[in-house]
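Asks: Below, each chain spelled out in residue letters.
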Amino acid sequence: MKLHEYQAKDVFRKYGIPVPNGQIIASSDQTSRAIQTIQGPPWVIKAQIHAGGRGKAGGVKLAHNPYEAVTAVESMLGKKIVTRQTGADGVTVNQVLLEEGLDIERELYLSMVVDRAGRIPSMIFSQAGGMDIEEVAARTPQRIFKERVDPASGWMPYNGRNLVYRLDPLPSPNALKGLLSVMDGLCRLFSALDCSLVEINPLIVTRDGRVVALDAKMTIDDNALFRQREMLELDDPREKDPLEQMAEKYNLNYIRLGGNIGAMVNGAGLAMATMDVIKMAGAEPANFLDVGGGANEEMITKGFEIILKDRRVKAILINIFGGILRCDVLSRGVVAAAAKTSIRVPLIVRLEGTNVDEGREILRKSDLKFLVAKDLSEAAELVARQVS
Amino acid sequence: MSILLDKESKVVVQGITGREGAFHTKQMIAYGTSVVAGVTPGKGGLDFERVPVFNTVDMAVREKGADVSCIFVPPPFAADAIMEAASAGIRLIACITEGIPVLDMVKVMAFLKGLDVVLIGPNCPGIISPGKAKVGIMPGSIHREGSIGVLSRSGTLTYEVVDQLTKSGLGQSTCIGIGGDPIVGSSFIDLLMKFKDDPQTKGVVLIGEIGGTAEEEAAEYIKADFPKPVIAFIAGQSAPPGRRMGHAGAIISGGQGKAQDKIDALKKAGITVQLNLGTIGKTAVGVMG
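Quick mapping for you: the protein sequence lines, in order, are chains G and S. Just so you know, we're using our numbering here: the first sequence kicks off at 1 and counts up by one. Just so you know, we're using our numbering here: the second sequence kicks off at 1 and counts up by one.
One or more hints might be untrue.
[Claimed, not checked] Have a look at the derived ranges for each label pair, beta carbon to beta carbon:
no.	chain 1	residue 1	chain 2	residue 2	range
1	G	Lys365	S	Pro76	54 to 60 Å
2	G	Glu284	S	Lys282	21 to 27 Å
3	G	Glu230	S	Thr213	52 to 58 Å
4	S	Asp225	G	Lys365	54 to 60 Å
Simulated from the structure, these hints should not be mistaken for laboratory data. Where a beta carbon is used, it is the ideal one built from N, C-alpha and C, also for glycine.
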């Protein structure tokens, strides 16, 4: 689960990580109050969206006077913003953050992630702040410093020293102290809140030697939300596709994609592989839908309804390898969904595994029109032919 | 031979009285697995399908000699269950549970360091040595005893591949789902090393997916030190970056984990990469039949 920048900064404050003074604005009549409260000009106005890349898309603006601040807020609030991560449709900006502008002396990068290969959380620090860190890592890996956190001891002061003393030139003693304290706070909040990623880019040193988190990205481990109720309340459903939201409610793994072939599959790996097969056959998947190994009839029905709700879908492929999810359960779910909604597109079914004969029989006896594919290759070809 | 699991393995099921645990215990017994005990705290003394239930794994080990555990415990309690099994002296743990917080797994991995135990999963279908025993949730009927080792990060995708192998006349020595989480107990490499020493295993099918760098690391190992033929398949060539594709670990993030990078790394290591899932059985016959 992703947090908005302003939400992450509220968390930072609680853990002693300095952030700029700022105020959230949800409607433009709140702007004048914000500029009275927050020191400035200059102010920085930042669109609060989950997608990255907003800076280049007009989602971050500097205002040198109240008029510019009002104009900047109005240019974002309620408008669509298209970044490299949003897709062509873009996302609507529902809130902007107005912050004091700070005098920047130096921009650094600091983040914490779980290092999958090392199976351990690790802190990443770089002098190359304010830049695309993936690019820095690819081009100049020697500029990226890493420190792994021992799960038994937690973050130790030496971990911090290993990072900050690699800076060249060294910042002032005060700034060094500030950096060590930010690192300590970051590590504490990372484990306390079950984060999977926290990123501060840039982490700045101001001209008066203060260390401040100018930006904040924070992702909570979805698997840990059961024990992070407070974080769960920060979830912003407006950032999600309505069909994805509906799927979430029924515990279905659904991701909307750009194509026109709807797919319903059991198991994440097989669902991905089915998308790949569709693509290889010359068509484009409209979605990823994993109904899960243990799906019941209702989940199947809901999953099928979600696919049918997507207006772009021109054909549907059901690919089930029955293991725990039995083919007869799948068939009953599909027939139930079909009874509720009229199916206006060709349906291709490929069933295999547990209770496959019963499953096929249920479909055959229904008044559902569908094509049967004997294996995965044939299924993909049949689907592609429907839309070509 | 097979790896890790055979006819002599004595299995304890942790969470035997839960819905999933109960269902799959029956299936495992039906397959011929020797399930000697179950564990559900507070239900010790009961019987389930004529299997005695204990309060702790320690008791199951001491009274019934269990040496393999299969875990169906819900996510909030699963890390504890893994550590309990390891501390009781279990040598092979298959954790089926999906949804364990990743920081819990960090603790588990630190705990297991230095102990003589193999953890498979979590978030996996388990392990099967066809014709001998199965510990997990895969449909036993699609497997056939033979000489191909199968390693996979996915469940149903593995069934698809195994089904094709069997239908193409290629049986399996041992099939292992290593799990779809960002942190799993055994890596491809850990298990390839075991297949290397197993005389029954003549070749390996490796099924990867987007996210992380496990496949790239496996490619390097295979090139340097694995003498048997390997076929690989990578799911998620059409997956968008930044989205979690069902599995917690299946995500392209920070420019890492792309299917194409994995395919390139595997090919560079001289491994046959099958791009079309529909014909992986046929390809396997060509390479290993």
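Asks: None of the hints should be skipped; say for each whether it holds.
Replies: Results for each hint:
Between Lys365 of chain G and Pro76 of chain S the C-beta distance comes to about 43 Å, which lies outside the given range of 54 to 60 Å. Our hint of 21 to 27 Å for Glu284 of chain G and Lys282 of chain S holds, since their Cβ atoms are close to 26 Å apart. For Glu230 of chain G and Thr213 of chain S, the Cβ-Cβ distance of about 33 Å falls outside the hinted range of 52 to 58 Å, so the restraint is violated. Against the hinted window of 54 to 60 Å, the Cβ-Cβ separation of Asp225 of chain S and Lys365 of chain G comes to about 55 Å, which satisfies the hint.
The structure does not agree with the numbered hints 1 and 3 stated previously, though it agrees with the rest.
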